[in-house]
Amino acid sequence: MQVYHLSHIDLDGYGCQYIAREFFDKIEFFNANYGKEVMTRLNHILYRIQHSQASKLQEKFRTKTQQKILILITDLNLSMQECKFLQEKVDLMRMEGKDIEICLLDHHISGEESAKNFHWYHLDIQRCATKITYETLKQKYSLKNPSYENTLNDIVEMINSIDIWKEEGFGFEFGKVALSLIANSNELNRFMFEEEHHNYKLKLLDSIKDFIHLQNAPVAFDNAIFTLKKIALGGNPQTQTMDNITSMAQVKLLESKKDICTITHQDKKGFLSYSMGGISVLANLFLKQNPDYDFYMDVNFKGNVSLRANGNCDVNILSKTFFNGGGHKNASGGKIENFKESFLYEDIKQQVIKILNKEK
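Taking full-length UniProt numbering, the leading residue of the sequence shown gets 1, the next gets one more, and so forth.
Keep in mind that the hints were calculated from the coordinates and are not lab data. Be a bit skeptical, because a hint or two may be false.
As the list claims (entries may be wrong) - Restricting the straight-line Cα-Cα distance to at most 20 Å, the calculated cross-link-like pairs of lysine to aspartate or glutamate (EDC-like) are:
id: 1; residue 1: K268; residue 2: D294
id: 2; residue 1: K209; residue 2: D154
id: 3; residue 1: K140; residue 2: E22
id: 4; residue 1: K144; residue 2: E194
id: 5; residue 1: K26; residue 2: E194
id: 6; residue 1: K138; residue 2: D294
id: 7; residue 1: K302; residue 2: D314
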């Protein structure tokens with residue numbers, strides 16, 4: 001079975017995915033906050049299903065045994081409109097011969113109307129989504145590693161205690177630390193490095209198993225988090241600062257995306273990132289390690305533009321010409337006029353390319 005798993009971006013949401021990977025070998029993860037991003041991710045999942053290599057091979061050779069597909073949605077309450085959209089798209093895929101199923105597991109009362117109208121929408125306001133997911137999957141599937149069950153039980157109960165605020169529940173104080181851990185572990189940008197960001201958070205979640213049974217476990221885990229983050233990012237906690245580790249990890253990931261993220265203006269070659277935040281250290285390190293690039297540009301969710309160079313390009317002129325801004329030769333900023341917010345990098349890149357190709 002191929003599973004496409006969409007979940008929320010908090011401890012409970014990632015907890016659902018941490019659990020799901022213990023049941024399925026073939027699983028792709030997607031995350032969304034509420035609002036417009038949910039529909040964006042649903043469309044992305046549907047696109048992945050339609051264009052997956054497995055689907056192409058099945059259509060080409062018309063194999064007798066179809067691969068089963070599961071769209072698993074957890075810790076997100078879909079609106080009636082979103083549910084109708086998903087149901088219609090899945091019905092069309094079934095007409096094309098795909099063996100596809102939807103399963104939504106949630107605990108938010110705001111999804112009550114949708115749960116009453118769609119049989120695949122399972123609502124239980126008494127348990128957190130991680131616990132619902134764990135207990136539902138245990139009924140239908142087998143754990144890949146049965147010896148891990150007792151530890152999983154404790155992790156699930158801890159997340160349940162903190163998510164639905166059961167102060168007398170198992171691991172409530174530990175849950176406070178875990179909640180903060182996931183909320184504040186954003187060293188790898190979610191939109192530039194979606195897969196890496198997700199893997200980073202699940203790796204941190206995995207470290208819980210080494211602390212949850214210790215004496216004074218909440219304090220021990222809290223004290224260890226900074227070191228755990230350094231290790232998860234591939235650094236040496238004894239010889240490197242977090243700033244250096246994070247910058248090196250980010251630059252390495254950016255370098256792996258050169259084919260996707262390269263932009264040009266006249267004879268100048270630039271790198272475009274989306275919503276990386278303060279880029280002074282990062283951009284200068286990237287340009288230093290990649291001297292074939294003349295400038296670095298970052299665009300945030302509001303369309304604000306930050307530009308950096310290393311002596312090979314006057315980004316002040318770029319900013320004045322295209323983004324109604326200004327600054328210095330090697331550091332400048334501006335704003336994209338009539339910016340269209342998106343959760344997909346490619347949409348941002350197309351807006352920037354269109355601007356740079358239009359001389360003013």
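Hints versus structure:
Between K268 and D294 the CA atoms are separated by roughly 6 Å; this keeps the pair inside 20 Å, and the hint holds. For a cut-off of 20 Å, the pair hint linking K209 to D154 stands: about 9 Å separates their Cα positions. As the CA atoms of K140 and E22 are separated by approximately 13 Å, the hinted pair is consistent with the 20 Å bound. A distance of roughly 25 Å separates the Cα atoms of K144 and E194; the hinted pair therefore is violated under the 20 Å criterion.
Of the supplied pair hints, the one linking K26 and E194 holds, its CA atoms being roughly 18 Å apart against a limit of 20 Å. For the suggested pair K138 and D294, the alpha carbons sit about 54 Å apart, so the restraint of at most 20 Å is broken. For the proposed pair K302 and D314, the alpha carbon gap of about 24 Å is over 20 Å, so the pair is violated.
When each numbered hint is compared with the structure, violations occur for hints 4, 6, 7.
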